[in-house]
Every structure is written in C-alpha cells, then in structure tokens.
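Same order as they appear, the protein sequences are chains E, U, V and W. Under the numbering used here, the first residue of the first sequence carries the number 163, and numbering increases by one thereafter. Under the numbering used here, the first residue of the second sequence carries the number 163, and numbering increases by one thereafter. Under the numbering used here, the first residue of the third sequence carries the number 163, and numbering increases by one thereafter. Under the numbering used here, the first residue of the fourth sequence carries the number 163, and numbering increases by one thereafter.
Since the hints were derived computationally from the structure, they do not count as laboratory data. Hints may contain errors.
Each pair may be met inside one copy or between any two copies, as identical chains are not told apart.
Unchecked claim - Result set (SDA-like, lysine to any residue): computed pairs, CA atoms no more than 25 Å apart in a straight line:
| # | residue 1 | residue 2 |
| --- | --- | --- |
| 1 | Lys366 | Ile316 |
| 2 | Lys249 | Tyr367 |
| 3 | Lys249 | Met369 |
| 4 | Lys313 | Gln176 |
| 5 | Lys366 | Leu177 |
| 6 | Lys249 | Leu348 |
| 7 | Lys320 | Ile357 |
| 8 | Lys313 | Pro337 |
| 9 | Lys313 | Ser170 |
Number of protein chains: 4
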Amino acid sequence: MAEAGHSSNKLHFQLDRISFFTDGVFAIAITLLVIEFKVPIVEHPTDAALWDRLAHMGLLLLGFLISFCIVGYYWSVHHRIFGYVEKYTSRLIWLNLMFLFSVVLLPFTSGLLGEYASETHLHLPYGIYVVNICFTALMNALLWFYVSNPKHDILTHKISRERILLGFYFTLVVPILFVISFVVSLYEPTIGRLIPILIPIVLKYGMTGLTARAAANEKSA
Amino acid sequence: MAEAGHSSNKLHFQLDRISFFTDGVFAIAITLLVIEFKVPIVEHPTDAALWDRLAHMGLLLLGFLISFCIVGYYWSVHHRIFGYVEKYTSRLIWLNLMFLFSVVLLPFTSGLLGEYASETHLHLPYGIYVVNICFTALMNALLWFYVSNPKHDILTHKISRERILLGFYFTLVVPILFVISFVVSLYEPTIGRLIPILIPIVLKYGMTGLTARAAANEKSA
Amino acid sequence: MAEAGHSSNKLHFQLDRISFFTDGVFAIAITLLVIEFKVPIVEHPTDAALWDRLAHMGLLLLGFLISFCIVGYYWSVHHRIFGYVEKYTSRLIWLNLMFLFSVVLLPFTSGLLGEYASETHLHLPYGIYVVNICFTALMNALLWFYVSNPKHDILTHKISRERILLGFYFTLVVPILFVISFVVSLYEPTIGRLIPILIPIVLKYGMTGLTARAAANEKSA
Amino acid sequence: MAEAGHSSNKLHFQLDRISFFTDGVFAIAITLLVIEFKVPIVEHPTDAALWDRLAHMGLLLLGFLISFCIVGYYWSVHHRIFGYVEKYTSRLIWLNLMFLFSVVLLPFTSGLLGEYASETHLHLPYGIYVVNICFTALMNALLWFYVSNPKHDILTHKISRERILLGFYFTLVVPILFVISFVVSLYEPTIGRLIPILIPIVLKYGMTGLTARAAANEKSA
Numbered sequence: 163m164a165e166a167g168h169s170s171n172k173l174h175f176q177l178d179r180i181s182f183f184t185d186g187v188f189a190i191a192i193t194l195l196v197i198e199f200k201v202p203i204v205e206h207p208t209d210a211a212l213w214d215r216l217a218h219m220g221l222l223l224l225g226f227l228i229s230f231c232i233v234g235y236y237w238s239v240h241h242r243i244f245g246y247v248e249k250y251t252s253r254l255i256w257l258n259l260m261f262l263f264s265v266v267l268l269p270f271t272s273g274l275l276g277e278y279a280s281e282t283h284l285h286l287p288y289g290i291y292v293v294n295i296c297f298t299a300l301m302n303a304l305l306w307f308y309v310s311n312p313k314h315d316i317l318t319h320k321i322s323r324e325r326i327l328l329g330f331y332f333t334l335v336v337p338i339l340f341v342i343s344f345v346v347s348l349y350e351p352t353i354g355r356l357i358p359i360l361i362p363i364v365l366k367y368g369m370t371g372l373t374a375r376a377a378a379n380e381k382s383a
Numbered sequence: 163m164a165e166a167g168h169s170s171n172k173l174h175f176q177l178d179r180i181s182f183f184t185d186g187v188f189a190i191a192i193t194l195l196v197i198e199f200k201v202p203i204v205e206h207p208t209d210a211a212l213w214d215r216l217a218h219m220g221l222l223l224l225g226f227l228i229s230f231c232i233v234g235y236y237w238s239v240h241h242r243i244f245g246y247v248e249k250y251t252s253r254l255i256w257l258n259l260m261f262l263f264s265v266v267l268l269p270f271t272s273g274l275l276g277e278y279a280s281e282t283h284l285h286l287p288y289g290i291y292v293v294n295i296c297f298t299a300l301m302n303a304l305l306w307f308y309v310s311n312p313k314h315d316i317l318t319h320k321i322s323r324e325r326i327l328l329g330f331y332f333t334l335v336v337p338i339l340f341v342i343s344f345v346v347s348l349y350e351p352t353i354g355r356l357i358p359i360l361i362p363i364v365l366k367y368g369m370t371g372l373t374a375r376a377a378a379n380e381k382s383a
Numbered sequence: 163m164a165e166a167g168h169s170s171n172k173l174h175f176q177l178d179r180i181s182f183f184t185d186g187v188f189a190i191a192i193t194l195l196v197i198e199f200k201v202p203i204v205e206h207p208t209d210a211a212l213w214d215r216l217a218h219m220g221l222l223l224l225g226f227l228i229s230f231c232i233v234g235y236y237w238s239v240h241h242r243i244f245g246y247v248e249k250y251t252s253r254l255i256w257l258n259l260m261f262l263f264s265v266v267l268l269p270f271t272s273g274l275l276g277e278y279a280s281e282t283h284l285h286l287p288y289g290i291y292v293v294n295i296c297f298t299a300l301m302n303a304l305l306w307f308y309v310s311n312p313k314h315d316i317l318t319h320k321i322s323r324e325r326i327l328l329g330f331y332f333t334l335v336v337p338i339l340f341v342i343s344f345v346v347s348l349y350e351p352t353i354g355r356l357i358p359i360l361i362p363i364v365l366k367y368g369m370t371g372l373t374a375r376a377a378a379n380e381k382s383a
Numbered sequence: 163m164a165e166a167g168h169s170s171n172k173l174h175f176q177l178d179r180i181s182f183f184t185d186g187v188f189a190i191a192i193t194l195l196v197i198e199f200k201v202p203i204v205e206h207p208t209d210a211a212l213w214d215r216l217a218h219m220g221l222l223l224l225g226f227l228i229s230f231c232i233v234g235y236y237w238s239v240h241h242r243i244f245g246y247v248e249k250y251t252s253r254l255i256w257l258n259l260m261f262l263f264s265v266v267l268l269p270f271t272s273g274l275l276g277e278y279a280s281e282t283h284l285h286l287p288y289g290i291y292v293v294n295i296c297f298t299a300l301m302n303a304l305l306w307f308y309v310s311n312p313k314h315d316i317l318t319h320k321i322s323r324e325r326i327l328l329g330f331y332f333t334l335v336v337p338i339l340f341v342i343s344f345v346v347s348l349y350e351p352t353i354g355r356l357i358p359i360l361i362p363i364v365l366k367y368g369m370t371g372l373t374a375r376a377a378a379n380e381k382s383a
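Isolated chain E (complex conformation) (with noise of 0.2 Å):
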C-alpha cells in the first residue's frame, strides 16, 4: 500500500475524497444526458411547426427520463456500498474508477439510443446500451464484492452474508430486466422496450421478502 505513510487522521477525509470524486463524475454524467436534447432550428418558425418538431422529442425525453434514473439508482447504490467503508486501498480506487468508466460512456449510449429511437426496424443503438448496463452493474457488483469482503479490512464492521447477496441481487434487477427487454424487442419492439418500466417495481416489492430476511438475520446475530 503506497499509503502507508499518511498520518492516521487525515484518513477519513482520504476516503472521503474518493466519494467526492466520484459524486462529481456522477453529477457531469447525469447532467451530460441532457446534452442530446439540442435546441431545435426552425427556419420559420411558428408554434405549430415548432411543437411538430418538440413532439418528435417525446420518446428523447422517456429515454432521458430512464438513463437518468438508471444513473441515479447506480448512483444510490454506490451511495449505499460506501456506507460501509472505513478504509481504502489502491485496488478500491481503480474498482471504483473502471466503475465511472462505465458510468461516463451511458451519456453516448443513452445519445445513440435516443438519435435513432423512431428507427424502430434497429436493434444496435439498444443492444448497445443494454451492454453499457450490463457493464455497469458488472462493475458495480464487482467493487460491493470487493468491498464486502471481510479479508480486504475495509469494512466499518463486518456484512452478513445475506445482506452481501442481498446487495447483490439488487445489482442484477437492472441487468436482467434490460437484457429480457431487448430479447423482446427484437421481436416485440414495443413491448420489450416498455419492459424497464418494471424495474422500480421489482426493486421496490419483488425484494421485500429478501431485504426482511436479511434484517431479521442480522439482528439474531
């Protein structure tokens, strides 16, 4: 560990300097999203020929919409695993950084999903985007692995075991959900791509019989 040298009481802002860090790339990505929607230029215009052109951008805005949740939930997660960190390590840093990797590129997925979302008869812009998720939330249980793990001693104390697949579970609802989505669209474009809607729903009542399983444990213990 390059660290080994720092005085003791400057570690917890050491760490905390990673969450800055990483809630500012966070907060650009999040805010990027945004950069698709570009303004647009009418040559004459008049209400009726500018709402004709805003109306077109209504699937852009639902798209928006859903990636800026998505970021939003993976920002709430690692909001969530960072909760239980008391120490870093040089290996947490660069788990931490190909996370925001992944992170940073959903602004051009998300933009390449939304230029061709009335192109309908396509199925790359979303398989694209699909593989960005997915690699998100790969990274994502990689670094709640990497920190839950008790032999790396950078926990505040230590996760039952439940509440480590607990989390883990969490991190596959997105994944999967979007990997089913595009199985359908590729023959239901409509229907698969309305099928991410359910996420919010899994998470909030398909979990609740794992995350009171996980809680009574730990209070048994």
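Chains U, V and W: place on chain E using the hints.
Structure of chains U, V and W alone, referenced to chain E:
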C-alpha cells in the same frame, strides 16, 4: 430500508453526500445555461459588424440572467430544506433525484426560449419554459412536504406548521408569477415577459408578515 | 432570515455547502475555458498541414492560460474571503451567486476573444473580455466588503481595517491592469495585450509593503 | 501569506476546499474525455451500416480508456500527495492550479489523438499527447517536491527521503513509458502505441522492491 445495515458513525457523511451530489448537479446545470451563448462567427469581422451580432444577444443575456437566478434560487431553497434534515431514506433520495431531473432540463428549455427570443409571435418556447419551472417548483414542494413531515422521522427537530406553510408559499411565488407572466404574454408579450422581475420584490417584501409570524410562533412554542 | 429555524449543529455544514457549490461552479467554468479548443479537422492530413493549423492555436493557448489563471485567481480570492466566514445570510448567498454569474460568463467572453485573436484590428472582443473581468472584480469587492463588515455578524473574528483595504487592493490589481492593457491596445495592440503578464509580478512584489503593514497592525492589536 | 489572518479552526476546511476544487476539475476533465465520442449520424440507417461506423470507433474507445486511466491515475497520485498535507500556502494553490491546467488540456490532446487515430502515418497528434502527459507528470513532480519539502512546513509529519524518491519514481513511470512509446511508434506505429499497456504492470510489479524498502525504512526510523 436497505441502508439499515450501515454503521451509525457514517450516517452524517452519507447524508452529506446527497448534498454534495445535488450541489454538483446544480453547479453543472447553472453553468450549462451559458452553453447556449455561442461565440458568433462573422466572416469579415469589423467591430461594428460584430457589435451588431452581439447586440442581438442582449435579450439572451437577460434570459440567461433570469434562468441563472431561478436555478440559484432553487439551489438556495434546497440548501434551506436540507438544513433541517438529519437522516435520509430511499424515498428522500428519489424525490431529490426527480427534483434534480427537472433542474437539469432547465438549460434546455432556457436555451429553447433564448433561441426564439426575438420571435415574439411564438408562445410555445415560453410555455415550455414555464411548464419546466412549474414542475421544478412542484418537485420542490413535494420534497419540502416529505422532509417537514415528522412522520418520516428525518428532521433535526420538529418544524412548526407555520414554518412548513411559509416554506410552501416561498416555493409557490416563482411558478405563480411565471404562470401570470405567461398568460399576460399571450396578449401583451413585452409586458408579460417582464413580470418575473417582480419575483425578488415579492420574495423580499411580500413575505415579511408571514415570515415574522412563523418566527414569533416558533419562539412562543 | 428564513434560515432562523435551523438547528445550530447543522450550521457548519450549511455554510460549507455554499463553498462546495461555489467550488463546483468554478471547477466547471475553468474546465469549460478549454471547450473553445476544438480539434482541427484537416481533410488529407499530413504532420505539416496539421502543425500549420495547430500553430495558429498558439495564441489561443496563451489566452486560455491567462483566462485559466484569472479564474484560478478569483477562486483563490473567494477561498481567502470565505476563510473568514462563520455564518451566512440570504444576502451572502445572493452576492455569491452574482459573483458566480460573472465567473460563468468568462468562458464565453474568453472564447470570443480567442475566436478573433488573430484579427488585431478588432477592439470589441478584448473590450467585452475586460468588461467581464471588471464585473467579476466588482462583485468580488462587494462580496469582500459585505463579509468583512462586522455589522453583518458573519465573521469568525473582527478583521482589521488595514486587512480589509488590503483585500480590496488585491481585488483591484487585475481589473486596473486589464483596463490599462485595453487602452494601450487601442494604439499598440501587441504591447497592450502583453500588459496582463505584469499581474503576477504586481501581486507578488507590488503588495509586499501593504501586506506587511496589515500583518504588523494585526499583531499589535 | 495573505491567509495569515484566518481563524485557526477554519484551517482544515480551507485546506479541504483545495481538494474539493481539484476533485471537481478532475471529475469534469475525466468526463469530458468522452465528449469526443460523437453519436454517428447515418442517413438511411441499418444495423449493418451503423455497426460499420461504430466499429471505426473501437480505436477511439481504447484511446478513451487509456486517457481515462491516465487522468484517474494522476487523480490518485494527487489524492496520495494531499494525504500528507496539513497546511497550505499561496504557492501550493498555484502549483496545484498549474497541475490542473495541464490535466484540463488532456481532453483536447486526447481528442486530437482520437480524431486522427486511423491515420497511422501521422506522428504529430501522438507527439502532442505525449508532451501533455509529460507536462502533467512534471507539474505532479513539482507539486510532490514542494509538498514533501519539510522547509515549507505544510506536512502532517516528516516524510522519509526514500518515500519522497519513491513518489517521484511513481510519477516518472507514465511519462517515461510514453516517451519510449512515441519514439518506437516513429518506426513501428502499432507496437509503439501498445507500449503504454505496460504501465499498470510496471506500477504494480516493477516498484515492489522500492516500495518495500521505503516502508521498512520508515518503520526503523
């Protein structure tokens, strides 16, 4: 609550991160407002020709100043709301994210308004801008009612009913004056568009009585 | 004061958030300066052709360095000013926002200057840039006089009159040298534009006497 | 020192703000790297035609990953350096700003490199990129020597000579391998450009002996 497993001495920093992330998004949104200010390209530039082009941007500058103040105002309201918060919940994070979603759209709607600023026969750009402001105010009010509700148990101390309502009235000032401004602008574009200039005056002098009463009530309690 | 209802142990963090937000805006503004650096597109590129295009950007690089230093300088002055602040008021937040408004315009005026850097017969771009710098310095001075005024009761401790004036003089150095630079550049463009290079020298060596006197005065007090 | 007048209990936060600002600039610079990833516009899009266009971006993605890692690496080095800092001076702020100046240029030079990635007969884009990396490493080294020098009295505790040199060697790895990569690429473009892939290997395995010695020396001291 998935956060139930966190060590209690991380709670403060976990809460602070929500503010850091929010501040980051606000900082970027307020700076992106200026992105619509594109450097004009004049082929054979003279000071006079360039001045001519820049003079047309005067309206844009005023619009940018107004949007800057609105984003700044909602940041200051967020700042005030979170001054009462001591704990957080998943729902607080999501209400906050939806509030940010609305804020992040402002550079786009503000840019749309600016692009067609000189086309006074158009009502759509201003209408969309006002809808965005109303949505931001709505999310702000929901956030405030969620935070101030003692049932959710996230407050540093109980807030008096008067102060809760006072915060709500403060939130209402901006959207109400913009809706009035929009309606008037349908008939009298120039006068209508100037109405938002009243906002700081109403916020400063129109609310004195209500503020004093809330303060008095709190002391007597 | 709408903040009157806050719990006192949140005060520090509430104050810190003003700095976080400010740092975020400065960080974005200083990074956006480089946005005007657009990658040149050469049709049939050779190293020589590309070098030719990039060489024209040398002036831009110098201009970018100067703007970077100015934004960096005003950040460091803000940093110094808020080092004295212990409480905050609504007016402080708004003075700070107006200061940020001016800072956020700098990437635009700096980009305008850069775009017409090679057109030495133009005075308008440089004039607008200098106006922006003067406005930033003005808001900075207002912020300083507001903070340092013991009447507003937001200081950690009383600041000596000498130190208040010293801070004001430091704020004046940049705009004064830029105004001189602009006036000279009307007659001697090249010499005029080089004058701002004197700023670090004046700030480092020209203020030694005043700084020493302020420090001495504080110790004797 | 103009900061001499600050109350001592603000010192920590004043120091932290330098890191916040730095983290903000890094977060934006690392996110802007992706800005060069422009969504390709295909007239009559098919999956095949779009894939064709995106496949050309594969090199860009690799280049983006490398630049991302470099900015991430220098962030982690800054993080490590400031882990030793307890006080600050004007000169520290300016050295830090010059370091950030170089970091902020990386999205531009990285974009230039990406734009001409397929033109393997060009050496200029890669040359400029390597110069930027060397300049960043140089500023990093100056920052480290300034901080680690006990004469400046800004450290939490004295750093051993071995550790100071170790930090310097770590800083040197990146620019040295890039210079070698550039020289080789003049003769063997493909092999040359792959050399930076060695960086993580050298940083991880090539420095073990030196790191162990520095740690041992510190314990014995």
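Going through the hints against the structure:
1. Lys366 x Ile316: between (29 Å within a copy, 20 Å between copies)
2. Lys249 x Tyr367: between (33 Å within a copy, 23 Å between copies)
3. Lys249 x Met369: Between. Shortest inter-copy distance 23 Å satisfies the 25 Å Cα cut-off; intra-copy 30 Å does not.
4. Lys313 x Gln176: both (21 Å within a copy, 24 Å between copies)
5. Lys366 x Leu177: Close across copies (22 Å), not inside one copy (31 Å); limit 25 Å.
6. Lys249 x Leu348: neither (45 Å within a copy, 44 Å between copies)
7. Lys320 x Ile357: neither (36 Å within a copy, 42 Å between copies)
8. Lys313 x Pro337: Cα proximity of Lys313 and Pro337: none, with 28 Å in one copy and 35 Å across.
9. Lys313 x Ser170: both (21 Å within a copy, 22 Å between copies)
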